[in-house]
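Got chain A sorted already, so can you dock chains B, C and D onto it with the hints?
Next come the chains, spelled out residue by residue.
4 protein chains.
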Amino acid sequence: MGHNIDLTNYKIRTDLAIEAIDNQKIKGIVSKEINEDGIKITEVMVNEEASQIINKKKGHYITIEFSDVTDYENSKKVEKKFSRELSKLINKLNISKEASCLIVGLGNSKSTPDSLGPLVINNVLVTNHLFELGEVTDGYRKVSVLVPGVMGQTGLETSEIIKSIVDKFKPDFLIAIDALASQSIERVNKTIQMTDTGIHPGSGIGNSRKEISYETLNIPCIAIGVPTVVDAITIVSDTINYMHKHYTYSKLNINNPINKLMAYSPNYLKEKITLNKKDKEALLGIVGTLEDNEIKQLLFEVLTPIGFNLMVTPKEVDFLIEKLSLIIGNGINKSLHYNVK
Amino acid sequence: MGHNIDLTNYKIRTDLAIEAIDNQKIKGIVSKEINEDGIKITEVMVNEEASQIINKKKGHYITIEFSDVTDYENSKKVEKKFSRELSKLINKLNISKEASCLIVGLGNSKSTPDSLGPLVINNVLVTNHLFELGEVTDGYRKVSVLVPGVMGQTGLETSEIIKSIVDKFKPDFLIAIDALASQSIERVNKTIQMTDTGIHPGSGIGNSRKEISYETLNIPCIAIGVPTVVDAITIVSDTINYMHKHYTYSKLNINNPINKLMAYSPNYLKEKITLNKKDKEALLGIVGTLEDNEIKQLLFEVLTPIGFNLMVTPKEVDFLIEKLSLIIGNGINKSLHYNVK
Amino acid sequence: MGHNIDLTNYKIRTDLAIEAIDNQKIKGIVSKEINEDGIKITEVMVNEEASQIINKKKGHYITIEFSDVTDYENSKKVEKKFSRELSKLINKLNISKEASCLIVGLGNSKSTPDSLGPLVINNVLVTNHLFELGEVTDGYRKVSVLVPGVMGQTGLETSEIIKSIVDKFKPDFLIAIDALASQSIERVNKTIQMTDTGIHPGSGIGNSRKEISYETLNIPCIAIGVPTVVDAITIVSDTINYMHKHYTYSKLNINNPINKLMAYSPNYLKEKITLNKKDKEALLGIVGTLEDNEIKQLLFEVLTPIGFNLMVTPKEVDFLIEKLSLIIGNGINKSLHYNVK
Amino acid sequence: MGHNIDLTNYKIRTDLAIEAIDNQKIKGIVSKEINEDGIKITEVMVNEEASQIINKKKGHYITIEFSDVTDYENSKKVEKKFSRELSKLINKLNISKEASCLIVGLGNSKSTPDSLGPLVINNVLVTNHLFELGEVTDGYRKVSVLVPGVMGQTGLETSEIIKSIVDKFKPDFLIAIDALASQSIERVNKTIQMTDTGIHPGSGIGNSRKEISYETLNIPCIAIGVPTVVDAITIVSDTINYMHKHYTYSKLNINNPINKLMAYSPNYLKEKITLNKKDKEALLGIVGTLEDNEIKQLLFEVLTPIGFNLMVTPKEVDFLIEKLSLIIGNGINKSLHYNVK
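Note that the protein sequences, when read in sequence, are chains A, B, C and D.
Those letters in the first sequence? Residues 1 to 341, per this note's numbering, in order.
Those letters in the second sequence? Residues 1 to 341, per this note's numbering, in order.
Those letters in the third sequence? Residues 1 to 341, per this note's numbering, in order.
Those letters in the fourth sequence? Residues 1 to 341, per this note's numbering, in order.
Chain A with its partners taken away, still in its complex shape:
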């Protein structure tokens, strides 16, 4: 073992398409990246061919990466970008301004890192019943909401609850919001992803809930997700890569007098440095000879039998989830109703 790693056991647990793509350079993927106001927006279009390679469905994947949302000004900027990108995605799906929408808040409202979906629902404008009362002015569409809970709470398969509601009330399209697992430390609570491919549990955190998609529901399904948890394997494997980069950076700069004068260490991640295998091996021995996937497999074998491959969330999770649910709720309102500004 160690020299002899079996890669079949460890599946990369990520719900974020951009992370799947980070790991592999693939044909059949068109990707655009823009940076505005310190916010990075990546749009990825996956075609049929690429779909099979990266095990992600054909469709659009938009990722918005940002820093601190507890800062009010920054949160307003993120909200604006998010709403703009969501509007674009809705337009691409040829959804009309009158089309009715069911918004589904997935997850467990009693578990903070899993409560994003239900919390977004609290911030969403519900109008469907007002239309029947004739109380709605122009500029609004019909919106209803559903918080289906999780199977451990309800005893019922979540995807089937959704299907029964969709079949009964016949909304024209669906938006589902969920908390996700991240495959990288740096994206936790700092990324919003959206896609028109719906939700496909197999590629994500490993729950057995079934697909929420056009294929199962016969209406367009937009999924919005934020990675709120990360596992110990990812923390350690990311750190191993940072150690490699930090080591190389330090070797290059050890005699740079500027570094010696700095009170705080520089953010070496921002530097363009050519990494080589030799440094990694010197620093990390056998571990340094392994590919990323092999390191993850090794960590899986080390941590799982002793029960320490924890799924964790930053200790500030309550405040972050609250801000993120406000950003997403407000952004959805603006995208769905052209009279909300």
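Any given hint could be a false lead.
Which copy is meant is left open, because identical chains are indistinguishable; a pair holds if it fits in one copy or across any two.
[To be verified] With a straight-line cut-off of 27 Å between C-alpha atoms, the simulated BS3-like cross-links for lysine-lysine are:
1. K77 with K110
2. K341 with K210
3. K97 with K210
4. K341 with K76
These aren't lab readings, by the way, just hints derived from the structure by calculation.
Okay, now just chains B, C and D, sitting in the frame of chain A:
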């Protein structure tokens, strides 16, 4: 006006069958009353004929009346009676020990006096999904739960949410829990009613949500309710009757030296006193000449145009609802699973 | 009894100075009333002489009366008036722009109708600790907060918790927020009162907590209160007066063809009608011969021994308290920091 | 760097005395360990001399280590041991059965991983005010509680709030409950520590709040803590040690046919294996040559400048904290009142 009251406007707003019956002595109703441990249990069977007179569906109505549930000992007694009566009702419906149950917590979890249903769900044992995993021992049945929210939150008709879930998951029977309006001060937060007739919004608080019953869902529907709110009309009209009784009692006892020595007034409601119309007229003038329904109609005409026919709840509502949801949740668990004691 | 009422038992339970004044026309009171944007602001100055008559401390009493705060536009108007009046009160006390403030949220966070104080604290800007870190720009003053709980939760006398904190941290002045009992249906959740006399439990809801005032703490103490509960006596005695007015109004208008054509009854409270004792006696018999205080005393004797003088709150209390805590929190922030707009 | 680590920057962030001791074998420490029902209880007595070496105050440190508290049976066992150990500690301090106690719930009730203290307070029996009313039977002592909040909420130094309350109300002793940072993955939410030395922020998570101890308050101060968060440095450095052990174990067992037949990997941590430096170097290169403290320092230098030394908590934190607060609350009740069983 006053002498000339139009009784067509004011509908008595009560969800409690026992209250409908109190007001009118009716044929076709069989009624049993027992008192145990300071708890009064009334069982009423309404047949087809009586059903039309009291505007309550044919079926069993069981009412459990009690005093302070913030007392632990007393709450345990109420839980025991409640569970026993629920078990009897389930048996009368010929529901088998293996029959699967969907428990529906009606009401708005964000409004304390309306949150009884959702809170009961928190205290209920959910087992349905465990059966599929083979994790359940003998003595348990399949139980799933639903908290459908209210239309103002979801935009969707609550009864139709329930119907779509019942149609999809096909439970063998349903238990719905809801907070009710009371037609008497003394029953608020001090009564649990259950019935095998389901929920019929027309007779209750006046929301337009539709029926939840065997007729609409094709499975037995047991409704469990607690009156948690009362309107100002009821508070005033009840008080007018208490004033009448108190006046007659005082006249009879004014020279009784025992009364003069008492530090606190006696509970005159417990006394058997013959009331007469003349006392009521002397005490209350024209108002004293009116029948109960006429007084309520008058109060409706007085309070409604000025916006003061408030629906109110006792200020201790948070603590009472919490205790009641524990009693009902525990009681349901014991009635549904013979392995829960 | 009835003819022979002992007025010594029933104390009018009100924390609202304006209500004490409504009941009695008193010398030594200067009163101003303005109406703006549908909001009525009453300022009452009580001097030493009047103080003894109405059993309210010498000082300023400002009352802001409004209608629906669940309407966003209206809530913003109320916030603006409230903040302006609070600023004026602070100025009258000669409190400087640099003076440090301790804001105390009284009441029980676990009881909705009593949670106003703790909820306001959630909406208040806390700056005291930031001054020590040098992180505060101009336009802010030092603000700290305290949520002392209630004696039933802490086991400690609330006024002494406050005194110990004031003695230790030495704020320059104090603002205390509390939920109050109302002496009139129409003010419940529709009035904000503030005063520079502090909090004097004896005149209010009857809890034995001690005074929070300049006399006990040696710093100016502003009290802000909202009546959130009302007792059954008040509901009934108010309704008796409405019945009287409604009866007189109806007699005058019974043949007015306009009334017969109206789908809804008019708001007769808005009409100027001369009331006379004779109508009240005809309508209400012996009860109609009693003064307001005597009617309340009678209701006390009727309802108390049977346990039905409930303190109640409107069933929408959760939503109203939330809005009111936002209005008061935002208003305080604007009054305390001239850089908050 | 790497070869040339400056150990002055990184302070080991632990509030757990047992962890400080794990790292160093010290004279002047008497230690006892028992294992009962799968629960490990370690009692450490630190004398003056050892105190200075491990930077922990002289006194008793008791640590209770357990596994899953979401299992009801196991949680009851932990509660029993915890209460027994707390009673022993109270006895050692010569605190009488009549001595009054102030229980302080430290931390931020709005941040789940930091809410242990406030949540315990909800489960604690408060009796102080009942003594004044003469409502207490034998077998209870005077208990009052305080939830002082955190400086970011109140603007006030928490230790000074406590001091002002202690000075005013003069309890005979104090129990403070707080959530802690752990220095090891395996203790997070699986350890309760208690000590008679009070709380000394300098040795723990690094907040600047001041000491809560006999020295500052003049009454015995018992601190009860649970590690609920851990930093990324600890996760990585623990994993590096597990990798070393796993590597050695694998080398020894690679040809063991039993291992090849096992569906799941064995818990190699339970095996007695002799570790050697050479394995660590082969596996981990330069990193493998470093001492534990040096590795932590390196990780600090790698993770801090890029902002990824996250403090994290397991994603199940809500459920774990709830169970732990029940265990500690119930345990305290049993230890403080001999009539609570």
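Original post:
Quick check: which numbered hints come out false for this structure?
Top reply: Failing hints, ascending: 2 and 3.
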